[in-house]
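Undergrad: What follows is each chain in one-letter form.
2 protein chains.
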Amino acid sequence: MDFEIEKRDFLKGLSLIQSITARKTTLPILTHVLMEVDSDSLFLVGTDLEIGIREALPAKVHEGGKASVSAKKLYEVVRELSEEKVHIQKKENHWITLRCGKSVFNIAGLDPEEFPALPTYQEESFSQVSVPLLLEMIEKTVFAATNEESRYHLNGVLFLQKKEAGREILKMVATDGHRLSLIGREGQTIQGIEKGVIIPKKGVTEIKKILADKEPEERVGLYFDPTHGFLKIGKSLMVIRLIDGEFPDYEQVIPKQNDKRLTVDKEKFYACLRRVSTMASERVEGVKLSIKPESIECSSYNQDFGDARDEVEATYGGPSVEIGFNSRYLMEALNVIDTEEVVLHLKDEGSPGLIRPSSPVEPPDQLCIIMPMRI
Amino acid sequence: MDFEIEKRDFLKGLSLIQSITARKTTLPILTHVLMEVDSDSLFLVGTDLEIGIREALPAKVHEGGKASVSAKKLYEVVRELSEEKVHIQKKENHWITLRCGKSVFNIAGLDPEEFPALPTYQEESFSQVSVPLLLEMIEKTVFAATNEESRYHLNGVLFLQKKEAGREILKMVATDGHRLSLIGREGQTIQGIEKGVIIPKKGVTEIKKILADKEPEERVGLYFDPTHGFLKIGKSLMVIRLIDGEFPDYEQVIPKQNDKRLTVDKEKFYACLRRVSTMASERVEGVKLSIKPESIECSSYNQDFGDARDEVEATYGGPSVEIGFNSRYLMEALNVIDTEEVVLHLKDEGSPGLIRPSSPVEPPDQLCIIMPMRI
Numbered sequence: 045m046d047f048e049i050e051k052r053d054f055l056k057g058l059s060l061i062q063s064i065t066a067r068k069t070t071l072p073i074l075t076h077v078l079m080e081v082d083s084d085s086l087f088l089v090g091t092d093l094e095i096g097i098r099e100a101l102p103a104k105v106h107e108g109g110k111a112s113v114s115a116k117k118l119y120e121v122v123r124e125l126s127e128e129k130v131h132i133q134k135k136e137n138h139w140i141t142l143r144c145g146k147s148v149f150n151i152a153g154l155d156p157e158e159f160p161a162l163p164t165y166q167e168e169s170f171s172q173v174s175v176p177l178l179l180e181m182i183e184k185t186v187f188a189a190t191n192e193e194s195r196y197h198l199n200g201v202l203f204l205q206k207k208e209a210g211r212e213i214l215k216m217v218a219t220d221g222h223r224l225s226l227i228g229r230e231g232q233t234i235q236g237i238e239k240g241v242i243i244p245k246k247g248v249t250e251i252k253k254i255l256a257d258k259e260p261e262e263r264v265g266l267y268f269d270p271t272h273g274f275l276k277i278g279k280s281l282m283v284i285r286l287i288d289g290e291f292p293d294y295e296q297v298i299p300k301q302n303d304k305r306l307t308v309d310k311e312k313f314y315a316c317l318r319r320v321s322t323m324a325s326e327r328v329e330g331v332k333l334s335i336k337p338e339s340i341e342c343s344s345y346n347q348d349f350g351d352a353r354d355e356v357e358a359t360y361g362g363p364s365v366e367i368g369f370n371s372r373y374l375m376e377a378l379n380v381i382d383t384e385e386v387v388l389h390l391k392d393e394g395s396p397g398l399i400r401p402s403s404p405v406e407p408p409d410q411l412c413i414i415m416p417m418r419i
Numbered sequence: 045m046d047f048e049i050e051k052r053d054f055l056k057g058l059s060l061i062q063s064i065t066a067r068k069t070t071l072p073i074l075t076h077v078l079m080e081v082d083s084d085s086l087f088l089v090g091t092d093l094e095i096g097i098r099e100a101l102p103a104k105v106h107e108g109g110k111a112s113v114s115a116k117k118l119y120e121v122v123r124e125l126s127e128e129k130v131h132i133q134k135k136e137n138h139w140i141t142l143r144c145g146k147s148v149f150n151i152a153g154l155d156p157e158e159f160p161a162l163p164t165y166q167e168e169s170f171s172q173v174s175v176p177l178l179l180e181m182i183e184k185t186v187f188a189a190t191n192e193e194s195r196y197h198l199n200g201v202l203f204l205q206k207k208e209a210g211r212e213i214l215k216m217v218a219t220d221g222h223r224l225s226l227i228g229r230e231g232q233t234i235q236g237i238e239k240g241v242i243i244p245k246k247g248v249t250e251i252k253k254i255l256a257d258k259e260p261e262e263r264v265g266l267y268f269d270p271t272h273g274f275l276k277i278g279k280s281l282m283v284i285r286l287i288d289g290e291f292p293d294y295e296q297v298i299p300k301q302n303d304k305r306l307t308v309d310k311e312k313f314y315a316c317l318r319r320v321s322t323m324a325s326e327r328v329e330g331v332k333l334s335i336k337p338e339s340i341e342c343s344s345y346n347q348d349f350g351d352a353r354d355e356v357e358a359t360y361g362g363p364s365v366e367i368g369f370n371s372r373y374l375m376e377a378l379n380v381i382d383t384e385e386v387v388l389h390l391k392d393e394g395s396p397g398l399i400r401p402s403s404p405v406e407p408p409d410q411l412c413i414i415m416p417m418r419i
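Residue numbers (this note's numbering), protein chains in the order written: chain S, 45 to 419; chain G, 45 to 419.
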């Protein structure tokens, strides 16, 4: 193996590998990056067996081959290099030599044949998906997934293709059992997910990261087999092991009888909640909403520090109602709604609340559900 | 107590108090901020008994008085307020009520009489010191102080006023036992520190913070009594308890016989060290310098990851010498030298090295000493 590569390209590739490569593992090779060189490209491969990535980088190849070295150390070295031209050669005993300007690094390696192979995929099965659409749908749902890895079936986002009222809708749903976020979009289909697949939170986060610097008009390939999701961008590939579990029946959770509907300015409501939440108890983070004909009064109480109340104008015609929510859940839901105003759908103090954009369509293309709490 | 204050001023004052107020303490009042209101000002006082601060803020006072509430909670509340006019009134049982726009906060307090008094000072004893000079001298020394609180006499910066060759010189020195940084400046005298005082690292850091947004032409008052340092900026005051210990005899530590002198470009040397240090062992961080007539070769070795070598041009006429140093100590020393080139003064592989700006004056106005290490 003997090739030259631009530092800029190499560093960017290695940087994407960093968060995927395992840090704590009993299998040392999972902390490594595999370098595979063919006639005109370097492929960087990293995996923690849950997520794998294989990136193609342009290289000037003198001789093909493979090598495997610590991903973290190689990244640290390349980050400090002073010149653009980086020259890498394989040495005996799986070591490599890296030269750049006057710098020479000899880096210890492991047998590249030990590096686990990524799952294989079928080239023709990929659906082409718009980058901004994928990013938007992920951002508007993933925050609601649980962080508890033990509740593994909720530790991800449900991707689902569904026909509703004659229209093909791509849906994403996430929930932690206390709140749920759902988004649906027309005009985009992904094959093979009619029954739904759950992509783990870490995988979704890596998808966001790898798409972050793509152009809005770009499209990426997505394909799911029964155990893995595959994301293809140009010559690079990301593989994510799907969560093997049953996602809750989210349709059944959506409240249908929340007849008390009030409209409120999103930014003002958010700022009011932020202020009042400073006095909410740190553990339960609860705020009480007292809904009145022209306003929402938000209040909180903390047994160590005191209490707070504030109010925000709202449009509402119904009877007064008082209901408690986790303030952070409310704020995170408001955060992912793009309209200037939001509509709260409530029933009573013991029933879940629903938040939707102010111009709702049926069936809803976006909603957040939040369980109430006793304050 | 009843006053109005601008949110902007209040928030800035509370923000300075945050890092001084104790977090973990058996004395709850030390987590509080004391508010003292006289005829036209609000004074905010915070202390952890090591450092104290008393800031004067303009206020519209309806009634004087005192109150004491959680510094952290008050800061969190004020940070979220939506309007500029903040109105605070004392209630029964040491509570306060804070109003701003439609927001109302009732905040629990403690008896303000329990709040510890700051040490007193003599108004006429202050020396006036230039802000940029104080900041420069602190920044060029404090990094070398130890972080180990148990070595308390090294956990700070020595301030010393000294007459050398007929000139009045203000000096600052810090050391952790492995390296030392010294700076001296003429034309500035501080009274009462002819024997030297040691200001704790945390105090020095707070001085830096409070001076950070001052204008370059501003001057601050500095005064030391046998146990405390006092810093006065306008109507605000910072008090720091001095370290009661013996600072090492730094004059004796300065090597006098380092006759091997080489000149090297500071930025290039720094970048070379950064590159090579990536392969230094994480625990000892050692790099080997091989000094040759025209260059310094830097090299490192890590038993897990491999080795690195690089070189940088240098002007040197003497015999070859090899010497090991902690790479971070070298880089931190280079970081605080402003000249384009630096001069390394070496003796042999077992003796401390000296780094100075390339235009040295005698007695030296800046130097760093670094102990060698076996690589």
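Think of the hints as simulated: they come from the structure by calculation, not from any bench. We put the beta carbon where it would ideally sit given N, CA and C, even for glycine. Hints should not be assumed to be uniformly reliable.
Below, computed lysine to aspartate or glutamate pairings styled on EDC-like, alpha-carbon distance capped at 20 Å [stated by the list, open to error]:
#1 S:K134 with G:E193
#2 G:K68 with G:E193
#3 S:K110 with S:D155
#4 S:K68 with G:D351
#5 G:K276 with G:E107
#6 G:K116 with S:D351
#7 G:K279 with G:D351
#8 G:K312 with S:E128
Here are the computed distance ranges between Cβ atoms for each label pair [stated by the list, open to error]:
#9 G:R143 with S:V297: 19 to 29 Å
#10 G:E326 with S:E158: 19 to 29 Å
#11 S:E376 with G:Q235: 52 to 62 Å
#12 G:Q235 with S:Q62: 32 to 42 Å
#13 S:T141 with G:V328: 22 to 32 Å
#14 G:K68 with S:H106: 54 to 64 Å
#15 G:E326 with S:D84: 32 to 42 Å
#16 G:E168 with S:E376: 52 to 62 Å
#17 G:E311 with S:H197: 47 to 57 Å
#18 S:D257 with G:D293: 52 to 62 Å
Undergrad: Against this structure, judge whether each hint is valid.
TA: Outcome of the hint check:
1. S:K134 with G:E193: violated (47 Å)
2. G:K68 with G:E193: holds (16 Å)
3. S:K110 with S:D155: Given pair S:K110, S:D155 holds - Cα atoms ~9 Å apart, limit 20 Å.
4. S:K68 with G:D351: Violated: S:K68 and G:D351 sit about 24 Å apart, past 20 Å.
5. G:K276 with G:E107: violated (27 Å)
6. G:K116 with S:D351: holds (15 Å)
7. G:K279 with G:D351: violated (57 Å)
8. G:K312 with S:E128: Holds: G:K312 and S:E128 sit about 16 Å apart, inside 20 Å.
9. G:R143 with S:V297: 19 to 29 Å: Since the Cβ atoms of G:R143 and S:V297 sit about 40 Å apart, the hinted range of 19 to 29 Å is violated.
10. G:E326 with S:E158: 19 to 29 Å: Check passed, 25 Å falls within 19 to 29 Å.
11. S:E376 with G:Q235: 52 to 62 Å: holds (57 Å)
12. G:Q235 with S:Q62: 32 to 42 Å: violated (54 Å)
13. S:T141 with G:V328: 22 to 32 Å: holds (24 Å)
14. G:K68 with S:H106: 54 to 64 Å: holds (60 Å)
15. G:E326 with S:D84: 32 to 42 Å: holds (37 Å)
16. G:E168 with S:E376: 52 to 62 Å: Between G:E168 and S:E376, where Cβ atoms are some 57 Å apart, the hint holds.
17. G:E311 with S:H197: 47 to 57 Å: holds (54 Å)
18. S:D257 with G:D293: 52 to 62 Å: holds (56 Å)
Consistency with the previously given hints fails for numbers 1, 4, 5, 7, 9, 12, ordered from lowest to highest.
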